[in-house]
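If you read the protein sequences in the order shown, they are chains H and V. Residue numbers for the first sequence follow our numbering, beginning at 1031 and rising by one. Residue numbers for the second sequence follow our numbering, beginning at 49 and rising by one.
Worth double-checking, as some hints may not be accurate.
As the list claims (entries may be wrong) - Here are some of the chain V residues that sit facing chain H, going by a computed Cβ distance under 10 Å:
1. Val81
2. Leu181
3. Ala182
4. Tyr214
5. Phe216
6. Val222
7. Gly286
8. Leu294
9. Met328
None of these hints come from the bench; they were simulated from the model. Since the model is a prediction, treat every value here as computed from it, not as a measurement. For glycine and all other residues, C-beta sits at the position ideal for the given N, C-alpha and C.
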Amino acid sequence: MTTSPASATVTVKRPVVRNRLVSWLIFGVVSLYFLIPLAATFYWSLRGMKDVLGFEAYRKLFADTNFLPAFSQSIVNAVATIFLSLLIVVPTAYWVTLRLPKLRPVVEFITLLPFVIPAVVLVFGIIRLYSAPPLLFTATYNSSRIVLIFVYVCLSFPYMFRSVDNGLRAIDVRTLTEAAQSLGANWGTILFRVIFPNLRVALLSGALLTFAIVIGELTIALYMAQHTLGPYMSDLTRSKVYEPSAMAIVAFAITWAAMGIIDFVGRGATRHVQMVEAD
Amino acid sequence: MKPNSSTNSQSVNSTVGGAKRPPRIPIGHWLGVLPFFVFSGLFLIGPTLNLAYRSFEGLDGGLTLNNYRQLASDTVMNAYGMSIKISLTTAILGGLIGFLVAWVVSMGGLPPRFRLITSTFSGVAANFAGVPLASAFVFTLGRVGLVTALFKAFGINLYKSGFSLYSFLGLTLVYLYFQIPLMVLTILPALDGLKREWREAAENLGATQIQYWRYVALPVLTPSILGTMILLFGNAFGAHATAYALTGGLFDLATLLIGRQISGDVLHNPGLGYAVAMGMVIIMAFSILIYSVLQRRSERWLK
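Given only the sequences and the hints, what does the whole structure look like? Please build it.
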């Protein structure tokens, strides 16, 4: 557990002990702010049946004919986004690290753009550019869906690039590449059998972060008239009483799962790296 | 870096083209980054540039600055004003509270396990924006929310005494749910960067704890804190989903105004809609720019 430099400083800073009461107080009050909405939502989600607490709201939610199609569509979109994003970002980060370092500032700048362009502005631009005759990409539901996935891919760039870039810094890409080359490996082999496996943890965190963001995305899907989870949840809050609470709890659980795995796997990786360093 | 790239480039080319080429940057190398540029060009930069161009188009065609002049109209200014007000408030409050929480869990004497829980939970909560977050607060502080009901049981009617979840105050409360965790996530590493030696040196020179914070720690942390607060500002300013889910898109916010403009030209002038969107991009660009400048400055000490 005591792997990070932070925990080392914690043990050293003794004089702070008298502030401990204040610390607990701050932590307690802020925790209440974060836990009460979750508790309240969970409580509501158990009240689907009159006078009894139970999981009726969840049952109704999963039985809703619109829920599973929306959910599965969002999952497929998320998986497609992750797949495409990996295919694009890994070579880019690799090339930028190894072969085209001059491009790095440009690539880093572009990966910042999703933070600069608000989602609602981006979808505005997408619709105005691609729903008029010269470039009519949004003619059918499915073509819109493809555009949606492509936009998600761009939105995932910041997270994916940062994860992969950190991952590449942690391993010695150059040596690995040269070793593979001197053994006669070709490009595909180097990428898929040397680089990818060494980046497992980085790729997984990038992928899960992307998943957490894409799965319930509302703004872009809404204005592109997609029947995904985000717009579905938004409709649900207006049409049903108890199901939205069950939905919110499910969404929270999904986010929690994604982040939990990232943390868990990430910590494993740090331990591993440190063991290697200790050798 | 340099000497090796020539050998690498040759072997790459031999797999791509078969022929040996001079050790300059060959076409093959650009193929690896090409999809990245194509995607961001088509689905990120292109659409935005198109908006930028069309924000200069007048109602009867031709280029004009008229749309930007019309940003001064009440509708737009109210929306921008409220967006900026909420973003500023939640950035400052979220920043302060987030900093306190980060400080408490990293050096406030709590068991180390709390730090781990806090950072994991922050990762979750920072990504828990949108419809589910709005729902959670409706079930808590909405008209029939649990906390509202609790207050009523104690004889306090929140909604009769002026509170509403669908107001500036309510939205601020909701936004803090993802603002505080974002602050915690970005400021924890900065707190870790404070070196033990600095505190020891200060103590050896007879500094009190307050003096250490006033003259050593805070000056080092200030760029990080300010930078992250600006990041929080941008985060709230560009937020759409949460406010949309909470208010049905009818609240006076810049993002919601753009949303209404997309669905049906509520501004009665497409060009003005584009100008509103570009105004947002410009404000966002400024905040991200200041953030990265401050971040770079803070790295001078905290690395």
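Here's how the hints hold up against the structure:
A hinted interface residue such as Val81/V counts as satisfied when its beta carbon comes closer than 10 Å to some beta carbon of chain H; here the least separation is about 5 Å, so the hint holds. Interface restraint check for Leu181/V: the shortest CB-CB distance to chain H comes to about 8 Å, inside 10 Å, so the restraint holds. Taken as an interface hint, Ala182/V checks out: its beta carbon lies about 7 Å from the nearest beta carbon of chain H, inside 10 Å. Interface hint at Tyr214/V: violated, since its Cβ lies 13 Å from the closest Cβ of chain H, which is beyond the 10 Å cut-off.
Given the 10 Å rule on beta carbons, the hint for Phe216/V is violated: about 18 Å separates it from the nearest Cβ of chain H. The criterion of a C-beta within 10 Å of any C-beta in chain H is met by Val222/V, whose closest approach is roughly 9 Å, and the hint holds. A distance limit of 10 Å between C-beta atoms decides the matter here; for Gly286/V the minimum to chain H is near 3 Å, and the interface restraint holds. With a least beta-carbon distance of about 9 Å to chain H, the hint placing Leu294/V at the interface is held under the 10 Å criterion.
Restraint check, Met328/V versus chain H: the minimum CB separation of about 6 Å is within 10 Å; hint holds.
Hint compliance for this structure: hints 4, 5 are broken, all remaining hints hold.
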